[in-house]
Structure formats: C-alpha cells, structure tokens
Amino acid sequence: MANLRILILEDDELWLARHKLRLMEAGFDCYATQDAKEAIKAAKIDPTIKFVLLDEILYVTPFPLKEEERELQRWQGHGVIREITAQRADIQFIVISAAPQIESDKQEGDKHVFRQETAKLRRRQGVIDIVHKVDIEESPDETYGWIIDLLKRSQITTKAEVITPKIIIGLGFSKETHEAIAEQMEIPKRQFLPISPLLKQSGSRILNEFWQRAEEKSVFLEMPGSKRLDHLKAIKPNSSAFQILSFLALQAEKQANVLIQEKDYQHSSRHSKKTISVEADVDALERQDFAYGYGEDGRKGLRSGVQIEGKVDQSSPLKVAVHRLSQQLHRLNLGPARQLFNYEENGYRPSFELGIVVYAIRPTKVS
Amino acid sequence: MMNAENKMLKVMVICNDGRSDAWINLLRSQVSDLYMLKAGRCRKFTPDDPEGLAIPHSQLPKTVNALLFHSSDMKLWENIQVEADYTFEFNTPGTPQPKPGVIPIYRQTFPYFAIKPSDVDELLAFIVTPQQAYPTICQPVLTPDLLSALATLCQGYLVMENNPSIKVCTQPSWWLEGIGLLQQGKLDQYACQEMLMCLKEEWTITKKPDASHDGLDRLLANLLIKQSDSYKVISRSVSSQVVVDAYGNLREALGICIQSDATCMAKFEDYTSGKVPVSIFAIRGSFLATATAIVLAMRSSTERHLLELGAVDALPNTFYKSTLVVAESQVTCLPTLRSQGFSGAILVLSTETFPVLKQKYRVLRFGQGSHDALTIPFTLADLHSKANNLVPIEQENLRLFQNELKAFKHLYEREIIPCLQRLEQPGTDLKLATEEVAIIVEKMKAETPVACHSVITIEDETLQIQHHLRKALHRLERQESLNSTVCYLKAIFEQWYKLVRSAAGENLKLAS
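Line by line, the protein sequences give chains F and D. Quick note on numbering: our numbering labels position 40 of the first sequence as 41, and the sequence is numbered without any gaps. Quick note on numbering: our numbering labels position 28 of the second sequence as 302, and the sequence is numbered without any gaps.
None of these hints come from the bench; they were simulated from the model. Beta carbons: idealized from backbone N, C-alpha and C, even for Gly. There could be a bad hint or two in this list.
[Unchecked claim] Footprint (simulated), chain D over chain F, 3 or more residues, beta carbon under 8 Å:
1) 76-87
2) 176-186
[As the list claims (entries may be wrong)] Computed spacing ranges between beta-carbons, pair by pair:
3) D:Gln699 <-> F:Glu139: 49 to 55 Å
4) F:Gln126 <-> D:Pro700: 50 to 56 Å
5) D:Gly459 <-> F:Lys320: 57 to 63 Å
6) F:Lys264 <-> D:Lys705: 52 to 58 Å
Whole structure, please, built from the sequences with the hints as guidance.
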C-alpha cells in the first residue's frame with residue numbers, strides 16, 4: 002500500500018509491538034511510537050500518515066516499576082486527536098481503549114456512564130471506531146481483522162465514494178411487538194430493525210401506522226465505518242429539530258423528495274424579542290445626514306426631534322429551526338454547520354442520510 | 275600543603291558518581307591515606323601518588339578517621355564494614371536527613387559542587403581537634419525559605435540592574451513586596467518583626483560571626499527603618515554594592531557555589547527571552563514562593579499576584595492559565611485549585627527533587643511538563659530554564675483529575691461500601707450483586723480512568739486496578755469461593771480509594 006502509513010501510538014511497548022506486527026503482516030507501513038509528542042509531530046509533517054491507531058490513557062515511558070513514579074504524558078488520546086485534527090482534518094483515528102467492556106444485558110439503561118463516555122469519544126472529529134483491548138485479547142484474529150478491514154475500507158471509501166453520517170429515527174416498541182415485527186419482516190431478530198423491507202411488503206401506509214403506534218421515539222446517529230448506533234438524547238421527540246428530522250426521514254423511507262419547505266414545518270411561535278429594521282426606501286447616506294448630527298462635544302448622535310421608524314423583521318421560522326439544528330448536529334460531529342443543509346427548491350435538503358428503524362424498548366424503560 | 279596534624283589522617287569517600295573525584299581533588303594533598311569506593315572498585319591515594327592505586331576490598335582499612343558518603347550510596351558503605359571516627363553524609367541539594375552517628379553536610383553538591391578548599395580545611399581541623407561547633411558546612415540553615423528568598427531577590431536585582439529600563443528593583447518596596455511584607459502599599463508590622471527575629475535566631479543558633487551577615491544586615495537597613503515602635507519603608511534606592519555584599523553572605527550561608535556573579539547569571543536578554551506566561555501567582559505564606567514569583571514576573575510585563583487561599587472566587591481570569599509558584603508546604607492546596615479550574619503550570623520550590631516530590635503528591639503526576647520542582651537553593655539560571663519549559667496542563671488531564679476528585683468519595687461511600695456489605699450478608703442474591711458490582715466497576719472506569727490504570731499488588735499479583743476488577747468480576751460470575759472473592763474485591767476497592775484520596779489530600783474543597 003504505497004503512500005499510506007499508519008501511525009500507532011501506544012505507551013505499552015508490548016501492545017505497541019502487537020499492533021505493529023499485525024498491521025505490518027496485513028501489508029501496512031507503520032510508524033510506531035510510545036510518545037504522544039512524537040506522534041503529533043509525525044502526523045503533522047508526514048503526509049503519508051492517513052490513519053492513527055492510538056491508546057486513550059498515556060503514561061510517560063519507560064514505565065517505572067512503582068506506581069508512585071508513574072506520570073501521565075502531556076497529551077492523552079483526546080488531546081492527540083485534537084492536536085492532529087487542528088492541522089490534518091483528513092486523518093482518521095481508531096482508539097484502542099484499555100478499559101474492559103463488560104458484555105452483558107445488565108448494564109443497559111441510564112447507568113451506562115462508561116458507554117456514554119465511549120460514545121462521546123467516538124463522536125470526535127475523525128474517530129472512526131473504538132476497539133477494546135479486551136476484545137483483542139479474547140479474539141485477536143477477529144478484532145485485528147476488523148481493524149484491518151476498517152482501515153482498508155476507509156482507505157477505499159475516502160477515494161472512491163463519500164460515506165456520509167446517518168441520522169436514524171427510532172420507533173420504540175415493546176419486546177413482544179418488536180419480535181412480531183421481526184417475524185413479519187422475516188428477518189433475524191436484532192436490536193434495530195430497518196423499516197424498508199416492511200415498506201416494500203406493505204407500502205408506505207404501514208409507515209404512518211407504525212409512526213402512530215410507536216411507544217417511544219428517539220434519534221440515533223450512525224457514523225461512517227462505525228459498528229454501533231448512538232442515542233442522541235439531546236434531540237427530544239417534541240422539539241422542532243425532531244420534527245424536521247422525522248419529516249425528512251419519512252420522506253427518505255418513502256423514497257420521496259428529501260426536502261423540507263416552509264409549508265411542511267409547523268411552527269409554534271415563541272415570545273422572542275423582535276428585531277426592528279429601518280425601511281430602505283430612502284438613500285442610507287441621505288437618511289444618516291438627516292437624522293444624525295454632531296454635538297458640542299464632537300460626538301455623533303440623533304438630532305433632537307428625530308425618531309426612526311422601523312418594521313418588524315420576519316425571518317423564516319424554518320430557517321431559524323434549520324439553523325439551530327445545524328449547530329446542534331455540528332456539535333455532534335456531523336460536519337460543518339453550514340454544509341449540513343443546502344437551500345434549494347424553496348426548501349432545505351440535508352447533506353446526510355436519513356432512515357427509520359424499529360427497536361425494542363429496554364424492560365427498565367417500560368413502566 | 276598538608277598540615278603536620280593531618281599527616282596520619284585516613285579518609286574514605288564513598289560515591290558512585292563524579293562527586294567522588296571532586297572530593298578526592300580537594301582531599302588528596304591534605305591527608306596521608308585517602309580511599310575511594312566508586313562503582314564497586316576501591317582506589318587508594320597518597321600525597322605522593324595522586325593517580326591512585328586500585329586495591330582489592332580486602333586491603334581496605336578496618337577503621338578510618340573520617341568517612342564521607344553520598345546518601346544514595348549508603349548501601350556500599352554497609353557492605354564494606356569500615357568503621358569511622360566521624361561519618362559525614364552529603365546529597366545533591368545539601369539536605370541530608372539527620373541520622374544517629376552521621377553528620378550531615380548542608381551544601382549543594384550537584385550541579386554545583388559547593389565545597390571549597392577552605393571548607394575541607396575546616397572539616398579536617400574538626401577531625402583532628404574536635405570542637406563543640408561543627409564545621410560551617412555541617413551547620414544547618416534554620417530559615418532556608420527566608421534566606422533563599424533574599425538570595426533570589428538579590429539575583430533578580432543583579433540581573434535587572436544591567437537593564438536601564440527596569441529600575442523597579444532598586445526600590446525598597448520591590449524587595450519588601452518580594453518577601454511578602456508589603457501588601458498593596460501597606461507594611462505588615464507583625465511580619466516585619468517576625469522576619470527580623472527569624473534572622474536573629476539564624477545567626478545566634480548557628481553561631482555565625484557578625485562578619486558573615488553584615489552585608490545582609492546592611493541590605494535590610496536599606497529597606498526598613500524602625501521609628502517609634504513601628505517599621506517604615508525607606509524611600510532611598512538600594513545600591514548595587516549593598517546587594518552584592520548581601521548576596522555574598524547569602525551564598526556563603528546557603529552554599530550556592532557560583533563562580534562569579536557576572537558569568538553564571540543569565541544575561542538580561544537571555545533572561546527575558548522564552549515563553550512568558552500571562553501572569554505569575556504565588557500563594558501567601560512562603561517567603562521564597564513570593565520572591566520567586568516577583569523575580570519571574572520582572573522578566574516582561576507579566577503580572578504577578580499573591581493568592582489568598584479561600585478567596586479563589588475573587589481571582590482574575592488570567593489566574594486560570596498562569597504559572598503558580600508554591601513552596602512544598604503549599605502543595606496540599608493544589609487539588610483544591612485544580613478542582614476549581616486552575617489549569618496553569620505549577621513550579622514547586624523544595625529541598626527535594628521532582629522525582630521524589632511526584633511520588634509524594636499524586637497531583638503532580640497529572641501531565642508531564644505542567645509540573646516541575648526547583649531544588650533550593652537555586653540560581654536564576656535554573657529558575658529561568660525551569661520556568662521556560664513549563665506549559666499549562668492540557669484540558670484532558672485536568673478533566674481526568676477533576677472527575678476523580680468529584681466522583682471518588684460519593685462512589686465509595688454511597689455505592690461501594692453498601693454493595694460490599696450486601697455481598698457479605700448471607701443469602702444474598704449473587705446474580706443481582708454481581709450486576710451491581712459490574713455497574714460500579716463501569717462507573718469507576720468512566721469517572722476515574724487514571725486511577726483504574728494504576729498498578730497495584732494484591733495476592734502477589736501486580737496488575738492495573740481495572741484488570742484486578744475484571745478478574746474479580748469473572749470470579750463472582752463463576753460464583754467460585756465467594757468469601758475470598760469478596761475479600762479480593764474489598765482489597766481492590768480500598769486500594770483504589772486510598773490512591774484517589776491521596777491525590778485529593780485532606781484539605782480538598784470542591785468547586786460548587
């Protein structure tokens with residue numbers, strides 16, 4: 002693989018050697034280091050580095066035997082990503098986390114602090130996945146296979162096609178209903194079921210029925226190359242953001258024009274401060290000369306007896322809502338806010354993909 | 275030339291590094307038999323044989339008149355079993371801890387070897403004719419903080435006087451502010467009295483002759499005057515000669531070995547170069563920390579502030595990114611400052627080196643380059659190089675530290691202890707308890723990831739805390755030997771708690 006290098010940053014030399022060996026066996030050229038500073042420097046000056054495989058917590062090396070002598074490096078995984086992406090937005094990261102992930106159903110629900118932390122990390126710019134060291138230990142071939150596949154896939158996709166992030170509206174049903182839907186669709190039972198096979202079977206009418214019957218609605222985010230869906234709790238089902246996204250998702254699933262116009266958006270007015278704008282029927286300079294003068298102290302001010310009349314500036318409610326949504330999605334690492342929606346045909350077209358899935362509500366959430 | 279009395283003296287030096295050669299150079303012509311133990315090899319020197327002769331361990335004498343050993347190489351001495359009439363101990367900063375039967379040498383030996391031929395003459399005279407008072411190099415400094423503060427201000431003055439644009443250091447108010455006696459133009463009468471008392475005690479107890487501190491007395495007389503029971507600031511400028519004399523006294527007292535004022539101190543241009551932080555802070559209560567802060571702040575238009583602990587809310591915004599200079603006794607305040615968002619660099623002034631300090635204080639281990647220590651006594655060149663290399667703590671490291679401080683107590687008291695108690699109760703639903711432990715473990719990893727990466731030894735196995743926890747969970751899930759598993763879990767949780775609590779310290783006040 003010419004002109005492609007993988008930067009490996011790992012403070013533990015055994016893990017470093019392990020990663021390096023596996024990637025080199027797969028035909029990748031690697032630059033391995035234990036030092037975050039060196040890694041940042043290498044990524045900034047070496048244009049052939051396109052991917053970084055890095056650890057989350059980094060200690061100063063070589064590790065002293067005593068815990069009391071160990072010290073954290075200046076940059077941790079987060080910091081390295083921040084420093085590199087500040088100059089190289091094209092670099093992609095796979096974070097190797099040392100914290101073991103406990104696989105069991107028992108940790109679902111709001112107590113899932115650790116998974117939330119991991120999800121935050123995955124939403125950082127450039128991060129394409131998180132891999133757990135425990136997974137490597139338990140099934141090295143499979144996990145390294147996944148990493149290598151990810152690297153190769155990302156390498157192809159960055160050249161050949163653009164993979165965009167996907168916003169998915171989830172319709173939550175009880176476990177029994179979810180199982181019944183899976184059976185109806187004749188697909189294996191999974192946590193998230195795509196709704197498109199059902200639409201092919203029963204037409205778009207069923208979609209409206211599902212929409213009405215759903216016990217819970219949520220927004221999920223799927224990033225390119227990622228294995229998991231992140232629940233975006235910040236977007237509430239009664240918000241204007243949800244209204245826009247759900248309309249667009251429905252359009253996408255119905256294979257209609259994925260575009261939202263003013264008429265499609267139901268605006269609930271707010272008691273917001275109205276802005277006054279001066280009518281532009283007279284020349285601005287003329288108006289200024291008439292209205293403003295200089296006082297004895299040499300300061301410019303409104304002449305006595307002059308009053309400026311104005312009119313209320315009515316901005317489009319959809320425009321405001323789309324703007325707010327863009328900012329919100331930008332914070333979730335979907336891309337630059339101004340590029341998330343394109344204004345065309347008197348409406349807004351998203352630059353990301355949309356879809357609808359059906360999911361089973363966790364028992365803890367069913368009251 | 276060797277004195278007649280030293281003709282029969284046998285002296286031995288034990289040190290594995292270059293300092294043994296420095297001692298040999300000073301002692302070689304002064305004693306009849308001189309032995310050196312370095313890197314496991316013995317050498318014998320005589321006045322006639324300055325090159326020395328390698329000898330086997332068996333040829334070492336059973337007793338010597340004086341033995342000088344480096345603190346780090348004490349084990350070498352224990353292995354050879356040589357008795358000595360007088361045993362002297364030296365270390366890098368000149369701060370050996372008093373031990374029975376060992377006389378400490380309170381002089382810096384590295385990077386400056388602050389022992390002069392006259393000191394050796396005095397030491398040998400003491401061995402030949404024992405006197406009540408120890409040689410000068412063995413007399414401790416009672417107020418190293420104050421003397422080092424004055425020495426730092428003197429160095430600052432001597433560097434800055436070459437620059438005509440900076441005249442502030444010639445004003446007595448600069449000096450008095452530098453040792454924390456003058457605050458917002460107001461002279462602290464009590465602090466003045468206390469400082470002068472400290473100096474008086476220093477000269478009396480260490481039996482220093484008047485000549486050894488007359489320069490310093492003259493400097494103080496140029497700063498303060500006592501009029502009708504109260505001290506007043508003198509309005510006259512401080513002259514260069516007064517400072518040079520005072521600095522000479524301080525160098526002598528502290529054992530700072532500087533070849534000459536002009537050559538060793540950084541030039542003004544060098545001194546003011548480098549990255550300068552927005553502001554320098556010091557915590558009130560240490561003469562040296564305030565003096566160091568004022569001297570550092572002089573380098574450019576850097577602001578310098580004295581921090582009152584407890585009034586953190588009223589601090590300027592610049593504080594959060596500034597450099598903080600603290601004495602070792604003030605390190606316990608750092609967890610509180612970090613928890614309140616202080617992300618600046620920290621420079622600790624101590625008699626110990628940074629590797630030793632970071633072992634004692636976990637807060638100093640959160641981010642290489644943001645914490646360092648300067649061993650006192652120090653020169654301005656040392657201060658300059660340390661301050662230039664310090665950088666503010668990266669936000670990830672600060673957040674990791676803050677999260678630990680916020681979470682650990684609640685997690686331990688409200689979740690871990692009740693969970694362990696339930697596990698110990700007979701007839702507990704083990705499946706449910708295991709799930710509870712799993713959730714706690716996950717929270718620990720999320721909120722205290724650095725602590726979970728720490729290495730601890732339990733049941734003779736040294737692993738990271740998170741790996742110990744994983745092992746314990748597997749044991750619980752397999753329901754094997756429940757009692758020992760609970761003990762194992764308890765030991766892990768306790769070590770984790772001890773570790774994080776040690777970082778928080780006793781005086782932690784979390785930001786609201």
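Hint check:
{"no.": "1", "hint": "76-87", "in the structure": "holds (count 5)"}
{"no.": "2", "hint": "176-186", "in the structure": "violated (count 0)"}
{"no.": "3", "hint": "D:Gln699 <-> F:Glu139: 49 to 55 Å", "in the structure": "33 Å, violated"}
{"no.": "4", "hint": "F:Gln126 <-> D:Pro700: 50 to 56 Å", "in the structure": "53 Å, holds"}
{"no.": "5", "hint": "D:Gly459 <-> F:Lys320: 57 to 63 Å", "in the structure": "58 Å, holds"}
{"no.": "6", "hint": "F:Lys264 <-> D:Lys705: 52 to 58 Å", "in the structure": "56 Å, holds"}
Consistency with the previously given hints fails for numbers 2, 3, ordered from lowest to highest.
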